[in-house]
Amino acid sequence: MSRVGLLLAPLIVLLLVVGLDRPWRSWNATPTGTAEIPKLGIGPRNFADALAKTDDKVAFARGRARDAADQWLVQEALAGALVARFRLTGNYDDLAEADHALTIARANAPAASGPIMTEAVFAMMVHRQDRALVALDRLGHAAVPTESDELAESRAIEGDVAFYRGDMAGARSKYRAADKLDAGASATYRWAVLAKAQGDFPRALAEFSRSADSKHGIAPLHVAGTALQIGAIELARGNTAEARRWFVKADNAFPGFWLIEAHLAQARAIDGDLPGAIAQMRDVAQRSGSAEAMDALAMLLRAQGIGDESRMWSARADTLWRERLNQMPEAALGHALEHELVFGTPERALDLATRNLAARPYGESRLLMASALLMNGRTEPALDQLAQAERSGWRSAPLYALRAQAFELSSRVADAEVARREAQTLNPHVFEPWTALVWFSHG
Amino acid sequence: MVFARVIQRGRLWVVVAAAIVLLCGSPAAAHLTPNSEVQMAIGHSSIRADVIVPQGEYAFATGNPVSNDARSLDLARAYLEDRSAILAPDGRRWLRHIESIAFAQIAGPPDLHVVEQWTPPPGAPLRRFTIDWHVLVDALPNHFALFLVSSDVANRVGAVHEVIGAVRRHSARLVVDRGGSSALTAFTNAVMVGVDHILGGYDHLMFLLALLLPASLIASGGRWVGLRPMRKTIGHLARIVTAFTIGHSVTLIGATLGHWHLPSAPVEVMIAISVLVSAIHAIRPLAPGREPLIALIFGLIHGLAFATIFAQAGAAMGSGALGLAGVNLGIEMVQLGIVLVTVPALLVLASTPAYPPIRIGAAAFACLAALAWIVNRTTGELANLVAALESAMSHAGWLIALLSIAALTVLVSNRLAIAAAHSGKHA
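Those sequence lines, one after another, are chains A and B. In this text, residue positions in the first sequence follow our numbering: the first is 1, and each later residue adds one. In this text, residue positions in the second sequence follow our numbering: the first is 1, and each later residue adds one.
Hint data in this document are derived by calculation from the structure and do not stem from the laboratory. Please note that a few of the clues may not be correct.
Stated by the list, open to error - Which chain B residues face chain A? A few, computed with CB under 7 Å, are given here: (1) Thr33; (2) Phe60; (3) Thr119; (4) Asn142; (5) His170; (6) Ser171.
To be verified - Quick list of simulated restraints, FRET-style, between CB atoms: (7) B/Ser100 <-> A/Gly377: 32 to 40 Å; (8) B/Ser220 <-> A/Ala358: 44 to 52 Å; (9) B/His134 <-> A/Ala358: 31 to 39 Å; (10) A/Ala315 <-> B/Ala383: 47 to 55 Å; (11) A/Val418 <-> B/Leu385: 42 to 50 Å; (12) B/His170 <-> A/Phe60: 51 to 59 Å; (13) B/Leu199 <-> A/Ala241: 46 to 54 Å; (14) B/Ala364 <-> A/Val134: 34 to 42 Å; (15) B/Ala383 <-> A/Ala48: 42 to 50 Å; (16) A/Ala48 <-> B/Ala265: 47 to 55 Å; (17) A/Ala358 <-> B/Ser150: 41 to 49 Å; (18) A/Arg203 <-> B/Ala364: 26 to 34 Å; (19) B/Val410 <-> A/Val418: 27 to 35 Å; (20) A/Val418 <-> B/Leu329: 21 to 29 Å.
What the hints assert, rightly or not - Covered, in the sense of this in silico footprint (three residues per stretch, anywhere, with C-beta under 8 Å from a C-beta of chain B), are these stretches of chain A: (21) 135-142; (22) 172-180; (23) 305-316; (24) 331-345; (25) 411-417.
No residue lacks a Cβ here, since even glycine has one placed at the ideal position from N, Cα and C.
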């Protein structure tokens, strides 16, 4: 080889490496789009279409409800349309109106009839466990015989009630009973949530994947929801790249949904592009009017040191959370508390945490309570709450991270070390600085 | 279309259930916020501290600029020096020299990174100091600062930095005591665990004190009637204390070396019962003369509780025989100290008419405490009563001091009376 060739050879190799690096990395790491997600079935293909359709349905249902206000079926239909829109917008006005419509429906329904099952399901949705059980009790005395899927759902709701009361064994037993009657798609979701709460991430992933396993295709919104859940599990165990991949899949399946875009903005922050993430999250917050997105944005701005704008957004979110607490207190409590723990006062955080724990004494509420107690300098009661959460079977990296923090505050370093190791077993990256940037789907 | 079909079939709940499914992945949960971290390298005469404060949180809390120009860095330096101090045990401030200060990206979002040299004032120990840290924690209620030791000339620190504690808004002070050599430190730590446990465990002390109350008395017809001769009383007391020591040592050693995993709740209840038995015995003799046997039997149960404490603290003080010996020594030291402080007063007062009400009053208090513990430990009720009683017990030192003064007064007045009788006789 000539001297020139010898000189050029390393340069050529260098150029080849640089040239192939990008395609190689994208082949390995870039999200694979919708390749692994199930066939999309019937349903709106994107957020704009879905919202337009639910707007039409709400307008139609409102019209019918005005014309036939005393017909419980019409009121129930209005509630259904409003809930369907709520899942897209997160607007509590719709939730409050749905609640009102169901109240009218119940008042107008003949004895042993009415929107019993819808009431039970709605009650669970807005975290009113006792009301759900009352509705299920009425279902047992309904004039129309209960069908197997309704029976299965009622067992599953009993399982949900047990879950939110911190009784995981009770929840498991009720879900099994529900499965025996009719193992619908919601059953796999419930098993997945239960498995995630116990730190069994492989099982949770398997259950979510199973719920999206259909030959006939699944509604795009449902596919996106499942992809979001899988991404959330990956995030909970510290697989940020994999989580981002699933968030992109969700976006591809159902484009334009602000909730998915907020997850993508968050993923961008985790990747180190804080200014880009802030711009994206600001757009989401402005467009959606979501209090959660405002909180997430305030957190990102705070991490970037932009105090004034951070305070502005957290104040806007605060106003919304206070409104929601007035509208639907049980439903808003947990999220309002999340806001208060980061942006609020220790006293109010403890008040909300106490109410939240009284309403739903399960593991996550105990974690929130422990956080509020630590914020108020009450380390031992915080440790007690965490111990109770663990005794109930709850296992998550934040639980052990918080326990480590509490032990460190009491200078119990050996215990703190054990807790740290537990936390890192569940999420090896839990103590890394970027975890503080995660607002959506952490845990 | 699907929606309309659902309505026609009267199965609208399916729509609502689907909405829950979509929302179930976003439960409310506690967020982790960026925290500060201080890593200390302990040398022979000073400590090098690596201080990392999240830049965003710093800017958010202080409103100060975060660029690397002279003004920003001066403000950061002034803030840090104003909001934190290292204090010697006598309260004097350590000398702090900032070697470098910069806003930099170390891991994750950018941080304020400061390297400091901390030097104790003349005559102050290097390995014992208090960190008074208000950096961000006063302004941000959920901010948390973690303190670690990255290296220590006198103690081995593993590959992972050793966490020594943390501060937050309501607990902004961290006392650091790095002790001496490792084996000695482990042993001392174990002794202190024993001391702390028995001093904080009022039930153990209450049991022992209740058993000591009638030690100088003779029983007859189901009542405490007369006094034992002093020599016999001392022998009897020695047997009680020795029996209790043997009892708890046997189970402490057995449970620790045998790795017994006993549920703590029944043990705690049994300890409360032991207090009740010994308190009743102090009022009316249940097994007169057999106090050493009672002490031995219940000592076995108290030892199980000590074993739990040892197991919990084992990692901190170096488990094994040395730690076990340390815990036991700590327990014995306190026990012996209590006996030495209390018994002389009881021996002197036992011969006075004031003793029966003292004995019965103390025993009745112990009975009440034992009953409250039993109820609380079995049902969780009476927590406030237990707290109030334990708060009263925490002032027991004053009562013992008062008894000692009373005993001393009795002793002096007896001597004076004897002297007066002697002088009268001679006159």
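Results of checking the hints against the structure:
Annotation: B/Thr33 was flagged as interfacial toward chain A, and the flag holds, the nearest CB pair being 5 Å apart, inside 7 Å. For B/Phe60, the suggested interface contact is upheld, since its CB lies about 4 Å from the closest CB of chain A, less than 7 Å. Hint on B/Thr119 is violated. Least Cβ distance to chain A is approximately 24 Å, over the 7 Å limit. Evaluation of the B/Asn142 hint against chain A yields a held restraint, the C-beta minimum of about 5 Å falling below 7 Å.
Look at B/His170: its Cβ gets to within about 2 Å of chain A, closer than 7 Å, so that hint holds up. This hint holds: B/Ser171 has a C-beta 6 Å from the nearest C-beta of chain A, less than the 7 Å allowed. For B/Ser100 and A/Gly377, the Cβ-Cβ distance of about 33 Å falls inside the hinted range of 32 to 40 Å, so the restraint holds. A beta carbon spacing of about 59 Å between B/Ser220 and A/Ala358 contradicts the range 44 to 52 Å that was offered as a hint.
For B/His134 and A/Ala358, the hinted distance range of 31 to 39 Å is satisfied, since their beta carbons lie about 34 Å from each other. Between A/Ala315 and B/Ala383 the beta carbon distance is about 40 Å. The supplied range of 47 to 55 Å is therefore violated. Under the hint 42 to 50 Å, the C-beta atoms of A/Val418 and B/Leu385, about 34 Å apart, miss the expected range. Taking 51 to 59 Å as the suggested C-beta distance range, the pair B/His170 and A/Phe60 conforms, at roughly 56 Å.
About 53 Å separates the C-beta atoms of B/Leu199 and A/Ala241, a value consistent with the hinted range of 46 to 54 Å. The hinted window of 34 to 42 Å between B/Ala364 and A/Val134 is violated, with their beta carbons roughly 51 Å apart. Range check, B/Ala383 to A/Ala48: about 57 Å between beta-carbon atoms, so the 42 to 50 Å window is missed. In this structure, A/Ala48 and B/Ala265 break the distance hint of 47 to 55 Å, their C-beta atoms being roughly 59 Å apart.
Taking 41 to 49 Å as the suggested C-beta distance range, the pair A/Ala358 and B/Ser150 conforms, at roughly 44 Å. Range check, A/Arg203 to B/Ala364: Cβ separation about 58 Å, and the 26 to 34 Å hint is violated. At roughly 54 Å, the beta carbons of B/Val410 and A/Val418 sit outside the given window of 27 to 35 Å. Between A/Val418 and B/Leu329 the CB atoms are about 26 Å apart, so this pair conforms to the stated range of 21 to 29 Å.
Counting residues of the region 135-142 of chain A whose C-beta sits closer than 8 Å to any C-beta of chain B gives 0, which falls short of three, so the coverage hint is violated. A count of 0 residues in the region 172-180 of chain A with a Cβ less than 8 Å from any Cβ of chain B is obtained; the coverage claim is therefore unmet, three being the minimum. Given a C-beta distance limit of less than 8 Å, the hint that chain B covers the region 305-316 of chain A holds, as 4 residues qualify and 3 suffice. Counting residues of the region 331-345 of chain A whose beta-carbon sits less than 8 Å from any beta-carbon of chain B gives 8, enough to reach three: the coverage restraint holds.
Only residues whose C-beta sits within less than 8 Å of a C-beta in chain B count toward coverage, and the region 411-417 of chain A has 7 of them, enough to reach three; the restraint holds.
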